[in-house]
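Chains as they are written, first to last, in this note's numbering: chain A, 1 to 112; chain S, 1 to 115.
These aren't lab readings, by the way, just hints derived from the structure by calculation.
It should be emphasised that the depicted structure is a prediction, and the values quoted were computed from it without experimental measurement.
Some chain A residues near chain S, calculated using beta-carbon distances under 8 Å: (1) Pro44; (2) Tyr87; (3) Lys99; (4) Leu100; (5) Val101; (6) Phe102; (7) Gly105.
EDC-like, lysine to aspartate or glutamate: derived pairs with alpha carbons at most 16 Å apart: (8) A:Lys99 with S:Asp57; (9) A:Lys99 with S:Glu103; (10) A:Lys99 with A:Glu31; (11) S:Lys44 with S:Asp56.
Idealized CB from N, CA, C, for every residue including glycine.
Residue-level listing of the chains:
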Amino acid sequence: DAKTTQPPSMDCAEGRAANLPCNHSTISGNEYVYWYRQIHSQGPQYIIHGLKNNETNEMASLIITEDRKSSTLILPHATLRDTAVYYCIVRSGNTGFQKLVFGTGTRLLVSP
Amino acid sequence: EAGVAQSPRYKIIEKRQSVAFWCNPISGHATLYWYQQILGQGPKLLIQFQNNGVVDDSQLPKDRFSAERLKGVDSTLKIQPAKLEDSAVYLCASRRAGSPTGELFFGEGSRLTVL
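Sequences and hints are given; from them, build the entire structure.
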């Protein structure tokens, strides 16, 4: 699976959009981009994933560049409860024996 | 739908003692994972089961760690003997076969402190 690079930390004001970048320059054609987050003292939680098209769900939007070498997770109106570590993971599209390989993620702090 | 259950939530032991953690995945989830998360790091996969068979245990320190999922449902992770560096949160996760998102559901973890 391709390696990802994320900033170690970011700050965001409550109510503003949080844009979390991820670099995955070695991604291959069948690899998906997944985002999970981990709130303090909890297990990671799935947010969203995509292959090449932009995706949106009730939690967030995922913007993947045309060359697929980077992506951005967007939390449109961040709240204090969005304070967490956000992990960007690239995973093979083979659904047989999928596993997630976590990096160190981005620690997002949302402040009032 | 009940989530992934883990116990105990907290455990403190001395080095060279043994410890066991239990996981009950979401009903019907065929794939089960154990991850180790050391403070300040992302979770690291220890072992992956598909039903009661091991799919990947390449990162499991087999001289001291063992895991089983005898009936393809509950799983137990054991450490014997424990070392100081085993202090971590042990996370269990499960995934439904054929899930369109491939989403993993995690439990809250078992925090181990080795003194």
